[in-house]
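Novice: Given chain A, put chain B in place with the hints provided.
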Amino acid sequence: MSPSECHVEVVANKQIAPEYFSMRLAGPARLARFRPGQFLMLGWTDGRDPLLSRAMSIRSAKSPHPPFSKGGNGGIWGAKCEVEILYKVCGRGTALLAAMRPGRSLRVVGPLGNGFEISRNVTSAVLIAGGIGVPPIAALTEVLATRCAAHGTKIAVFLGGRSKADLLCVSDLRRAGATVRVATEDGSAGHKGLVTELLEQYLDARRSTLDGPLYACGPHPMLAAIAPIAERHNMPYQASMEANMACGFGACMGCVVPIRGNARERTYRLVCKDGPIFDGREILWDEQGAGVGKMEGSAV
Amino acid sequence: MRPDLSITVAGIRMQNPVMTASGTFGYAQEFEPFLDLSRLGAIVVKTITRTPRVGNPPTRIVETPAGMLNAIGLQNVGLEAFIKEKLPYLRTLGPPIIVNIAGESIDDYVELASRLSDQEGISGIELNISCPNVADGLIFGCNAVLANKLIACVRQATSLPLIPKLSPNITDVVEIAQALADGGADALSLINTLIGMAVDVRSRRPKLSNVTGGLSGPAIRPVAVRMVWEVAQAVKLPLIGMGGIMTADDALEFLIAGATAVAVGTANFTSPSSAKRVIDGIKAYLIDHSVGRVTDLIGSLDLTGTTREITEWSS
Numbered sequence: 041m042s043p044s045e046c047h048v049e050v051v052a053n054k055q056i057a058p059e060y061f062s063m064r065l066a067g068p069a070r071l072a073r074f075r076p077g078q079f080l081m082l083g084w085t086d087g088r089d090p091l092l093s094r095a096m097s098i099r100s101a102k103s104p105h106p107p108f109s110k111g112g113n114g115g116i117w118g119a120k121c122e123v124e125i126l127y128k129v130c131g132r133g134t135a136l137l138a139a140m141r142p143g144r145s146l147r148v149v150g151p152l153g154n155g156f157e158i159s160r161n162v163t164s165a166v167l168i169a170g171g172i173g174v175p176p177i178a179a180l181t182e183v184l185a186t187r188c189a190a191h192g193t194k195i196a197v198f199l200g201g202r203s204k205a206d207l208l209c210v211s212d213l214r215r216a217g218a219t220v221r222v223a224t225e226d227g228s229a230g231h232k233g234l235v236t237e238l239l240e241q242y243l244d245a246r247r248s249t250l251d252g253p254l255y256a257c258g259p260h261p262m263l264a265a266i267a268p269i270a271e272r273h274n275m276p277y278q279a280s281m282e283a284n285m286a287c288g289f290g291a292c293m294g295c296v297v298p299i300r301g302n303a304r305e306r307t308y309r310l311v312c313k314d315g316p317i318f319d320g321r322e323i324l325w326d327e328q329g330a331g332v333g334k335m336e337g338s339a340v
Numbered sequence: 010m011r012p013d014l015s016i017t018v019a020g021i022r023m024q025n026p027v028m029t030a031s032g033t034f035g036y037a038q039e040f041e042p043f044l045d046l047s048r049l050g051a052i053v054v055k056t057i058t059r060t061p062r063v064g065n066p067p068t069r070i071v072e073t074p075a076g077m078l079n080a081i082g083l084q085n086v087g088l089e090a091f092i093k094e095k096l097p098y099l100r101t102l103g104p105p106i107i108v109n110i111a112g113e114s115i116d117d118y119v120e121l122a123s124r125l126s127d128q129e130g131i132s133g134i135e136l137n138i139s140c141p142n143v144a145d146g147l148i149f150g151c152n153a154v155l156a157n158k159l160i161a162c163v164r165q166a167t168s169l170p171l172i173p174k175l176s177p178n179i180t181d182v183v184e185i186a187q188a189l190a191d192g193g194a195d196a197l198s199l200i201n202t203l204i205g206m207a208v209d210v211r212s213r214r215p216k217l218s219n220v221t222g223g224l225s226g227p228a229i230r231p232v233a234v235r236m237v238w239e240v241a242q243a244v245k246l247p248l249i250g251m252g253g254i255m256t257a258d259d260a261l262e263f264l265i266a267g268a269t270a271v272a273v274g275t276a277n278f279t280s281p282s283s284a285k286r287v288i289d290g291i292k293a294y295l296i297d298h299s300v301g302r303v304t305d306l307i308g309s310l311d312l313t314g315t316t317r318e319i320t321e322w323s324s
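Taken in order, these protein sequences are the chains called A and B. All letters in the first sequence, in the order written, are residues 41 to 340 by the working numbering. All letters in the second sequence, in the order written, are residues 10 to 324 by the working numbering.
Take the hints with a grain of salt, since some may be wrong.
What the hints assert, rightly or not - Each computed EDC-like pair below joins lysine to aspartate or glutamate, with the alpha-carbon atoms no more than 20 Å apart:
1. A:K232 x A:D244
2. A:K313 x B:E94
3. A:K313 x B:E39
4. B:K285 x A:E45
5. B:K285 x A:D86
Note that these hints are calculated values from the structure, not bench results.
For reference, chain A alone in the conformation it holds in the complex (with noise of 0.2 Å):
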């Protein structure tokens, strides 16, 4: 499905923890057609300050949503879809995004990237998401719950937060039949630790029933921290990665991520159009450049 640009009405924008919320947009039914892992470019619709739109993982797409009363002739609108979306204030951007009320129109460019690969005859997959990475991992907890249960297999998901207020998605992680574990550093809510030491305990228990691939998004180091650990149990890895971009398809060439290879000379990709998802051996994953200024409310 080629990516598109639209614009999108704001149905609902509902805060869902302290720092986090659920923004429901109202746009064309292609929108609704993506694969887990992919994301939209959410941008202004004036667009001069702040300039630049914010990658944003999409949570679910439904299709079709009944039209609008104005749009019912096709107009702007044409059939329509609802896509979530869930984002975290941390800056001016998501804080006027935060700010919006339902009605407000804001411009989409996408879908984008690549998503998840999902082999056919999964049987059992392991998903962790770190904070505000739980999104597309919630997307294909969905895709892959109702295979899984077609071989009487569950999911496993972890997910991992600072604290009890950072874990999302956890009731519709259970609702779509997952086995859900939950890690904060703080200790508010389940494991206390790191959300890899919780996965790492889990896979040395069973890593003699487990085939199923990795699944990951989060912040970069809990990434990092997956790749040995895929690695050692000889599990495939998906990591969603994330990196500042301007255009979201492969035109500002500001979103690379290193990849292993050449000795000599780096070579990078782009988050954009050769991921957000890649394969975690392919990432070098101990150079980041510079890895400061990451942009606000990127939640690929």
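Specialist: Relative to chain A, chain B alone:
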């Protein structure tokens, strides 16, 4: 009324004055899902160097007030891959293709220009002498003597129109513009990005791995319009104005200040269909203001009543 939007820059005829700025439009293919590429006045592709470049390490992009800093580092596929993999597609699109080139020496520019001259479907060469993100990227753009020598040498190597892209990171833009005109340039593109910097105060680290980067977007538009205006008065070459154009009104500022054509840059990132809206908006303006030809707008700035008004007693 059907206004005439066509213009000619450096002998390159365009159906309208709206081009794409190098480095913001990839090799055009990235934009195919979002707009009808055949409608563009001209397509200027991302800088090509003699050999491929991997570019700078991340972080390469950071947002600033009404603008963005980039330090991509001229990542590109290199001359030969461009000819083999990108040019065949570009040739099919319709609008004139202008190839932007950069080198580290006069030799590099000469080699690039002469090799590109042998290819079908290239209408002009834009010389990037103003990249702030690679070592020595600004050498030719900041020194009138070197700029003159470079353009004179490249002039010998090709009959294609030559369009140097000027840097705003200088004291007197007119001096460089004049030197390039004297050296044989056919038109001038201005401006490239302004050198900028942003600091993460929590970590006390620069936000870009390259420390400094090129500032673009609406934040730089007033600087660009002023430079176009200054050069338009002093140099008798057609100008391509660029810097923060987001809308048709932004583009019109450049035309009225003296540019013959404009290029949409950073706006392509935030809305990939921006160039189309700028074209449509210019057309609507011409109709609304009963202007028959877009060329009637070029340099039509009215200075009546300003401190710059030219009167008998002041001249």
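Novice: Does the alpha-carbon distance linking A:K313 and B:E39 stay inside the 20 Å limit?
Specialist: holds, 10 Å
Novice: Between the alpha carbons of B:K285 and A:D86, is the straight-line distance 20 Å or under?
Specialist: Holds. B:K285 to A:D86 sits at ~16 Å (cutoff 20 Å).
Novice: Is the straight-line distance between the alpha-carbon of B:K285 and that of A:E45 20 Å or less?
Specialist: Holds, at roughly 13 Å.
Novice: Hey, A:K313 versus B:E94, does the alpha-carbon distance stay inside 20 Å?
Specialist: Judged against 20 Å, a Cα distance of about 18 Å means the pair holds.
Novice: Is it true that the CA of A:K232 sits at most 20 Å from the CA of A:D244?
Specialist: holds, 18 Å
Figure legend: structure checked against the earlier numbered hints; every hint is met.
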